[in-house]
Amino acid sequence: MTSVSHLDEWPLPAFKLNSKLAIMERSEEAKKLVGDRVFFLELLDEGSRKKAREFLSGNQSAGPLELNFISLADELFLGDVYSKWDSDSNLNIVLVPKDNRLLEITSQLLSLRTRLQETDYDLLLEKERTEDLLEQVRKLSAPCIDLGKKHILIPLFGDLDPRKIEVIRFQILNQVYETGAETVIMDLTAMDQLEQDGVDYLKSLMQTFKVMGIQGIMTGMKPQHAKQLHHLELGLGLYFVSSLQTVLASRKLLL
Amino acid sequence: MNKKSQELSDLFLAGDEKQALDLVQTYLENHTKNELYQLVLTPAMYRIGELWEKNIITVADEHLATAICDFVVSVTDVRRPVKNISEKKVMVLGPEGEDHYIGLKMVASLFKENGWEVQYLGPNLPLDAAIDSANRWKPDVIALSAALAYRLPVLKKYAQSFIELDFKPSVILGGRAVAMANWSASESEGMIIVKELDQLKEWIHTGKEPDNDFSISFG
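Here the protein sequences come in this chain order: A and B. Quick note on this note's numbering: the first sequence kicks off at 1073 and runs consecutively. Quick note on this note's numbering: the second sequence kicks off at 22 and runs consecutively.
There may be inaccurate statements among the hints.
Stated by the list, open to error - Restricting the straight-line Cα-Cα distance to at most 25 Å, the calculated cross-link-like pairs of lysine to any residue (SDA-like) are: (1) Lys1275/A with Ile1289/A; (2) Lys1123/A with Gln27/B; (3) Lys1170/A with Ala35/B; (4) Lys75/B with Asn1140/A; (5) Lys1123/A with Thr79/B; (6) Lys24/B with Thr79/B.
Since the hints were made in silico from the structure, they are not lab data.
Pulled out of the complex, with its shape left as it was, chain A reads as follows:
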């Protein structure tokens, strides 16, 4: 029998074990990969030993059996084991090391996904921050300036939309009440677009002024505003004046 040279020429790591799973023979490839320990189970990662013992000791020669091996360089690698008992009660084994690329790709995909999730979360936070800022801008776009002699000036900035009026409404009414103002001048010089909804809200704000016994004056109208605003005049006691300066001069508010 020249069984040693038999295995030596195998292109894959191959082993011949006895019934106690001790290694009787091994191929050159096997020596190179996992060294020359006596028992087959010693070649395995501890987590794989129980599995190997159960499956190899049983008389089933089904394959492949996936096991974690420890290489000569002390690194873990995964391999498929094919086994068959022969008539002399020896177990013939061929080990097919697995390409780790699949696992590498899995973990790469995983880290990509994690990054996507983080980006998603960052975007959400950024969105919330933007909304806060927008709210802040809305509040600041209608400052109440006390001109003395019971006059308040409110220059409006940006676009006139319902949400803006809603935000500034409370602030304006409070200010007007606290200063005891009798005249509110709303200056639209820095106003860009008027939305129809915004105009409706403005109208209701003016109505509130009227209920509080306050006169509302609109200044700084642009031609495109006039078209949308003309219906506000109806019975609201609103005055339109072309420029802020005219109002201030006529009420002796200019020095």
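Since the structure of chain A is provided, determine the placement of chain B on it from the hints.
What follows is chain B alone, placed relative to chain A:
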């Protein structure tokens, strides 16, 4: 093994993240996240480990299942700062060689939910790096886990090193290996052993150590 866990582990193995997430979110309508982690996800992942031991699935299948489970845990994780901030800090990690991390994520999530600041360092962390991190950040608690029984000696070595740190953090050990091991009182001196998430939750709320019967094996 309940039906839900079995169904979920099948979805994990099939890589069906949409259905898995559906199932989990439906479950969360009537259950707490703690119940989800302890009664559904943990048994589902244990089953996947057992299927590998029975040579029914491969490591590649396990990785896919883990990725899907990770996704589900991440989606259900608290993302907003909770209101009752406890101002306590916890560091969560797995020792070198230990690649199982789903449990760590669940633990991190549980602490976060209770208002803790969490530093999740992930699995397979060398001891030096862990000590370094701990010294810089000085957490109140260091939580670590191991899934495979033969990792216990390494886990104990880590725990011992943490206990000896100047700022004396509490050290919590968990994971499948910890749950299945027998712990003698002297062995676990200075460490807090939690065998399941419920015990951890209890500890976070009351600071009382779980009253494990050390003579009984849960294996």
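Results for each hint:
{"no.": "1", "hint": "Lys1275/A with Ile1289/A", "in the structure": "12 Å, holds"}
{"no.": "2", "hint": "Lys1123/A with Gln27/B", "in the structure": "22 Å, holds"}
{"no.": "3", "hint": "Lys1170/A with Ala35/B", "in the structure": "21 Å, holds"}
{"no.": "4", "hint": "Lys75/B with Asn1140/A", "in the structure": "14 Å, holds"}
{"no.": "5", "hint": "Lys1123/A with Thr79/B", "in the structure": "13 Å, holds"}
{"no.": "6", "hint": "Lys24/B with Thr79/B", "in the structure": "23 Å, holds"}
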